[in-house]
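Trainee: Read off the chains here:
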Amino acid sequence: MRDDLDFRGHGLAVSASDVNAWFVREVLPLEAALMHFLRLSRRNKGDAEDLCQDVYIRVYEAAQKEIPHPVKPFVFAVARNLLINRAKRDQIVSIDSMADLDELGIAMDEPTPDRSVMARQELHRLEAALEQLPPRCRQVVVLSRIEGLTRSEIATRMGIAESTVSAHLTDGMYALADHLYGAPSKPGSDT
Amino acid sequence: MTDMSDMGETESAQKVRTEAAAWLERRQRPEWSADDQAALDAWLAAAPTNMVSYLRVEAAWTRANRLGALRQPMRDAAALPPRRNFGRFLSMAAAAVGAAAVIGGVAATYFLMPQQKSYATQVGGHEILALKDGSQIELNTSTVVRVSQNKTERKVWLEKGEAYFRIKHDPAHPFVVMVGGHRVTDLGTTFLVRRDKDRVKVALIEGLAQFDGGNGNEQHATLKPGDVVVASAQKMSLKKETTTDMAEGLGWRHGLLIFKYTTLADAAAEFNRYNDRKLVIADPAVGRMKIVGTFATNNVAAFADVAEDILHLKVTHSEDQIVIAR
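These protein sequence lines are chains A and B, in that order.
Sequential numbering of the first sequence, starting at 0, is according to the working numbering.
Sequential numbering of the second sequence, starting at 16, is according to the working numbering.
Because the hints were derived from the structure by calculation, they are not lab data.
Mixed in with the good hints there might be a few duds.
Said to hold, decoys possible - A few chain B residues that face chain A, going by a derived Cβ cut-off under 10 Å, partial list only:
#	residue
1	27
2	36
3	50
4	51
5	62
6	73
7	77
8	245
9	310
10	316
Every residue gets a Cβ at the ideal spot worked out from N, C-alpha and C, and that includes glycine.
Only chain B is shown next, with the shape it has when bound in the complex (with noise of 0.2 Å):
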């Protein structure tokens, strides 16, 4: 019978469970080579204490993978420091002057002659377009939008991607965003656009708008905030959506994927608009798994972190992909 009453001679946990996040700390570096590797299993092999340490620590930190989650996309703009990309965001805003330049123009040639201007973001990309009467697009990835104006209407047609449009509402110019065949006119709002191929949705988060659906589907309907079309090739709905979920098909604007029980098959969908490095879910049984959770939009790798660390699933790195699978 084993002796248990050893315990005066086990390292104290407080000194085991250090070297353990030490381990942790330098694993997450990206220098961490085959021979480091090497040495952490030797570490982890010696002695029980050291093992359970490291995946008591390990767990932890792999929890707080999620930690996004739980900050309002506002409140986290405001608190954390500038984003990465920050140096891409100015670049935009100087960008964003001369549009206001292009499309607002002085009131002289406003009226004279008819403008019309593309803009495109890439994969990954999120540009503001300040327009000169206090309007703005925000473009969200891989989008384009073609902005006209004449003496009696702002007109954006939305060709493809996502857009948030907080318009200044002027009678005498209505504003109006055509996206694949269907006409949106703000009546006084901020509403949100996206296509994806044939595929529309109009979001409208404050004030009214109205929606006139095209392509041969003549319905027509007024959007009070909270109300979302959707429309297609064959049909035409219109349903009801929270304040809070609003509020989280609106978190790309701060760069922020958020997912509340999302199959795993959307999200890799969601993070494949912002990233040239593809997810790819190769069952689909694992494509109809749920998660919940915040991620950066270009950190894809977090989202692999938590499929391979708590979904159990099997992660598969190469150079352009990601394949997630049982």
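So that you can see chain A by itself, here it is in the shape it has in the complex (with noise of 0.2 Å):
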């Protein structure tokens, strides 16, 4: 248990699938703001893609319990928990070079944007996503998600062996995912 988190009670009782759907429905779009905050609490050590990870499997595991809510404070708490610990096990680092979030400007109150307002702007962050991606990896998840052919024909079309396609296409799913989920947005946008 974590003892100096107290979020239960608040939550609701959900099936598995229900915990899967709101992880991406709630706690993915948190990336952004999360990855800044832990990038900037270790000093860029290298390792916030790992502590990302470490957060989601520990908010994953909690909400297979429990949905906690709301969601903001609970993940950035389970965070601040990890770089405690991490500090505590490096003996190096003290609790105080945490970033602090109110600096961040990570607002705990704000609102999980309504979905369909953010249309608009998702439309902006895909182009910009797919734009970073190396051009033949983006001709195949073009080929692949907009034109809708599959692995055999974007084979064929571009004449590459269907064993690089997937290749492509496992390094477009790959980035595509750090661009939309982890890819910083500027602060004060309305996305």
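Taking the hints as your guide, dock the two standalone chains into a single complex.
Mentor: So this is what it looks like as structure tokens:
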């Protein structure tokens, strides 16, 4: 149990598929802010990605018992705990070195934007994510997602092996997830 | 109390996220089997790190379903490699050459004998008729036109469906489109005409055209760019559309359906114009939900995926239809 967290009693009992849907809907959109917080707190030690994954694991495990609500303070409390533990283990960094959430402008009471309102910004974000893929990888992603071609059709179209198509797709999926969730959003923007 | 300082033993995020992406990639392949699914389920159940990584990459990939919407149709056509149905496009181009010969004819026959010929597209079809005078008629899915000309006018009947007209103006030979009893006369124009049973829609994109209502509804209007006439058996209305709205209504010319706060019921009806496999919205409340996005006209599956993954609706696939319900 996490002794310094008190979010019990506010959540709702839910099924496993609801946990998955909740995780995608509520937690993943926090990734950009979370990564920013982790990077600053760890003084860019390069392990922010691993820490983020650890936060996800703990948040997900907690949600299987009870969906935490509100979600944002919970996620950042988990992150803070992890950082404290990491600091204790490393016996180097003092807790004071942790980035200040308020200074980072990560507002805890900010409601998650309505998804329909986000539709337009979402398109810009997707476009930016797509632009950042390497050209061949981008072409494979476009053929797959927009044109709806299969792996073998893409291979024929581009004159490359199916295994190469798979490799590009895997890379593209990985990079898109990073760009869509982890890429820093501009402070004060309405996305 | 659980010790939480065990991060060092956690598999690196990069490694597990790469594995998750590889699983997702394999899952998209047509040969994906029940055994494969069982293996994936086992991998997901093995550790929460696997599950969260998979959820993350899958959610991002699903969001990318909507990538099409951000591409401007015009730029799209230029930037993307040839479409899947390019072979069909070539054959229509060949057909169009034939049509041009018939319609335009040589000057001598042009005036001597009236010519009338019908052209039709199948469900999902898209053809361009190139007329010898330089005009073009672009036929959307499931469309029938009859083309005739004599020494005084060029005339097209839109029997059903939708067509985009790009007309070379010639005052000596006015170009007239007859649709559901109404008449559109080109005055140097690019325009779109659509007919769904009794409902007729004419949208003027460039130039000028004269609209004359028929069927006892004798209203007349000179259409300017942005003007849209909607006429049914009972009434006729004229409204303005923005250039963007117009462009979105022409997405089909590039094989795209563009939805902007469109109800699911309307979106499904649009898809059903292009596909034999019909979308059925089983619940009126679901039909009223609105979506934003762009899809290939033939990619009903992508639409169903969005309904399932993003709107969290229940999607049931069968041979000839896809049912969407709560």
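Trainee: To test your reading of the hints: which numbers does this structure violate?
Mentor: Hint check: 3, 4, 8 fail, others pass.
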